[in-house]
Amino acid sequence: MRASRDRAGTALSLGFVTTFLTVLVVLPIAALVWESTKAGSQGFWDAVSSPESVAALKLTIGTAVAVSLLNAVLGTITAWVLVRDEFRGKSLVNAIIDLPFALPTIVAGLTLLALYGPRSPIGVDVAFTRTAIVLAMMFVTLPFVVRTVQPVLQELDPEAEEAARSLGASGLTSFRRVIFPNIFPGVLSGMALALAKAIGEFGALVIITGNLPFKTEVSSVYIFGRIESGDTAAAASVAVVLLALSFVLLLSIGVIRHFATRHDRA
Amino acid sequence: MSIVVRSVSKRFGDFVAVDDVSLEVEGGSLTALLGPSGSGKSTLLRIIAGLEWPDSGEILLSERDATALAPQKRNVGFVFQHYAAFKHMTVRDNVAFGLKVRRRPKNEIRERVDELLNLVQLHGFGDRYPAQLSGGQRQRMSLARALAPEPQVLLLDEPFGALDARVRAELRDWLIRLHDVVHVTTVFVTHDQEEAMEVADQIAVLNHGRLEQVGPPRELYDEPASKFVMTFVGDANVIDGALVRPHDVELLTEPDEAAMEAMIVRVTILGRDAKVELHDDGGAEIVALLTRERFEELDLWRGQTVWVRPQRERVFTT
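Protein chains in written order, with the numbering used here: chain U, 1 to 266; chain Z, 267 to 584.
Think of the hints as simulated: they come from the structure by calculation, not from any bench. There could be a bad hint or two in this list.
Here are the simulated lysine to any residue pairs, SDA-like style, with alpha carbons at most 20 Å apart [as the list claims (entries may be wrong)]:
id, chain 1, residue 1, chain 2, residue 2
1, Z, Lys493, Z, Ile505
2, Z, Lys353, U, Phe247
3, Z, Lys366, U, Thr173
4, Z, Lys353, U, Pro185
5, Z, Lys353, U, Arg257
6, U, Lys58, U, Val134
7, Z, Lys493, Z, Lys366
8, Z, Lys353, U, Pro181
9, Z, Lys339, U, Val152
10, Z, Lys493, Z, Gly481
11, Z, Lys353, U, Pro158
12, Z, Lys339, U, Pro185
13, U, Lys58, U, Ala39
14, Z, Lys353, U, Leu153
15, Z, Lys366, U, Lys58
16, Z, Lys353, U, Asp157
17, Z, Lys366, U, Arg177
18, Z, Lys366, U, Gly171
19, Z, Lys366, U, Val134
20, Z, Lys353, U, Val206
21, U, Lys215, U, Leu12
22, U, Lys58, U, Arg177
23, Z, Lys339, U, Phe175
24, Z, Lys353, U, Lys58
25, Z, Lys366, U, Phe180
26, Z, Lys366, U, Pro185
27, Z, Lys353, U, Asp46
28, Z, Lys353, U, Val73
29, Z, Lys353, U, Glu161
30, Z, Lys339, Z, Leu326
31, Z, Lys541, Z, Val531
Where chain Z lies over chain U, by a calculated footprint (3+ residues, C-beta under 8 Å) [to be verified]:
id, region
32, 162-168
33, 178-186
We put the beta carbon where it would ideally sit given N, CA and C, even for glycine.
Construct the complete structure from the given sequences, taking the supplied hints into account.
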């Protein structure tokens with residue numbers, strides 16, 4: 001009785017999750033794939049392999065990967081400072097971390113343009129350059145690694161570090177061999193989120209990058225351009241490739257994470 | 267491999283954790299730091315390990331000043347109450363940690379780890395992760411880990427505190443046997459006076475950050491230096507302002523001029539002994555411990571009025 005009721009419960013919640021995911025994620029993606037096939041396989045290939053589309057894809061993926069790696073380092077340091085150090089205004093800093101989430105990304109783009117554009121009050125003009133892309137992507141992905149590493153650091157047993165020290169490890173060695181392996185899965189999760197967000201970012205980039213083809217045009221903006229010129233099939237084709245590449249990247253991060261956390265499942 | 271603690275003090279804000287403590291631990295001995303929680307025993311142990319810095323005073327390890335030495339330079343093995351296992355490493359890698367950090371040759375590490383896993387009876391568990399071990403096994407693993415680099419001293423902070431009673435007793439016996447084999451100078455912290463009496467050959471009693479008395483278990487019990495030691499190490503009655511051990515309370519069925527009247531409120535048979543609880547006419551509680559023989563001879567019963575004659579009373583001014 002008990003077991004069958006549990007099974008029924010599982011089936012119910014599984015059904016709920018499946019429906020939910022189907023309606024919100026799977027169906028729209030299926031529709032997108034369907035849209036991309038409208039121009040036929042030749043049309044798909046042409047849209048995807050056009051030099052401008054390839055350049056945009058390369059730029060997007062390359063910059064997003066660089067940004068998530070940068071985030072891994074800076075986000076970990078930020079989380080470390082927020083957890084381990086005591087200073088005045090700590091809770092303020094903690095609150096500021098989430099602000100990029102609250103801001104419409106187009107506003108983020110405007111803000112960055114005002115600060116680092118041609119009329120920069122501090123004399124730094126990076127508008128319409130690839131540096132601007134990195135800046136904008138960094139801005140919108142800042143919270144991810146911080147927020148995934150912070151709780152792990154908080155829960156880390158300080159005695160494990162002390163044990164490492166008493167066993168002869170220097171501060172650096174104990175970070176490398178005891179702390180880092182524990183926060184690494186958190187870093188990876190944050191990186192994956194940052195990567196996904198960076199690849200898909202549009203609002204923060206569209207203003208500050210100038211959208212110069214072959215130079216500062218990222219895929220999301222390129223796709224927007226295709227839609228504007230009425231070529232939705234091409235837009236969908238590039239989107240499908242972008243999606244597939246993101247999926248592969250996220251999956252690889254997931255695999256690494258799986259190995260980094262094998263002791264938890266033991 | 268002796269330890270000398272010379273007038274060490276440590277405060278946390280307004281709280282005085284360790285108050286001018288001096289203590290000598292002979293090389294090869296097994297010493298207990300005994301005291302209630304907040305008595306400073308763990309802080310003192312952590313100061314010896316270098317995990318905490320004293321505000322004043324000195325620590326000497328093997329007659330060399332170690333006060334300013336970082337923990338990793340002290341060659342001290344430390345065992346924590348909650349194991350402090352490296353969760354992401356196998357048992358084998360946990361034990362090997364101190365040797366790997368010292369860049370010992372691989373085959374030497376393998377041999378040493380095997381030897382230690384045998385010693386702590388964890389052979390065959392080397393490839394498991396700490397999460398797959400029981401509490402007792404985890405603590406044995408941390409012991410092996412602490413012993414691997416052949417430390418000068420082994421420090422244990424309430425090592426059995428997180429374990430259930432049976433495993434606790436088992437590990438206690440096992441620590442004594444281990445110490446007979448390894449002979450490393452060992453200091454362990456405990457709040458359990460029975461544990462200290464059973465395991466240690468020297469006990470240092472701490473209270474409110476101050477050292478009350480140091481000596482072999484028997485000396486602490488027979489010749490306590492203060493009221494605190496007398497009541498903390500073993501049981502004691504307060505009769506007329508003097509302290510008396512329960513087995514030094516003599517019961518008489520007839521009035522006696524040196525004895526006071528009391529009524530038996532409870533009798534408990536504890537194997538070979540009998541525990542008799544009494545109330546004197548002021549209502550104060552007195553506990554007497556009698557041999558079964560004496561108990562049967564007196565033929566005592568609950569509600570009976572008897573006369574209490576304390577032997578070997580002690581009066582402390584502090």
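How the hints compare with the structure:
no.	hint	result
1	Z:Lys493 - Z:Ile505	13 Å, holds
2	Z:Lys353 - U:Phe247	31 Å, violated
3	Z:Lys366 - U:Thr173	11 Å, holds
4	Z:Lys353 - U:Pro185	13 Å, holds
5	Z:Lys353 - U:Arg257	16 Å, holds
6	U:Lys58 - U:Val134	14 Å, holds
7	Z:Lys493 - Z:Lys366	49 Å, violated
8	Z:Lys353 - U:Pro181	10 Å, holds
9	Z:Lys339 - U:Val152	29 Å, violated
10	Z:Lys493 - Z:Gly481	16 Å, holds
11	Z:Lys353 - U:Pro158	13 Å, holds
12	Z:Lys339 - U:Pro185	31 Å, violated
13	U:Lys58 - U:Ala39	23 Å, violated
14	Z:Lys353 - U:Leu153	14 Å, holds
15	Z:Lys366 - U:Lys58	43 Å, violated
16	Z:Lys353 - U:Asp157	10 Å, holds
17	Z:Lys366 - U:Arg177	11 Å, holds
18	Z:Lys366 - U:Gly171	15 Å, holds
19	Z:Lys366 - U:Val134	40 Å, violated
20	Z:Lys353 - U:Val206	46 Å, violated
21	U:Lys215 - U:Leu12	51 Å, violated
22	U:Lys58 - U:Arg177	35 Å, violated
23	Z:Lys339 - U:Phe175	17 Å, holds
24	Z:Lys353 - U:Lys58	40 Å, violated
25	Z:Lys366 - U:Phe180	17 Å, holds
26	Z:Lys366 - U:Pro185	24 Å, violated
27	Z:Lys353 - U:Asp46	52 Å, violated
28	Z:Lys353 - U:Val73	23 Å, violated
29	Z:Lys353 - U:Glu161	12 Å, holds
30	Z:Lys339 - Z:Leu326	13 Å, holds
31	Z:Lys541 - Z:Val531	11 Å, holds
32	162-168	holds (count 7)
33	178-186	holds (count 3)
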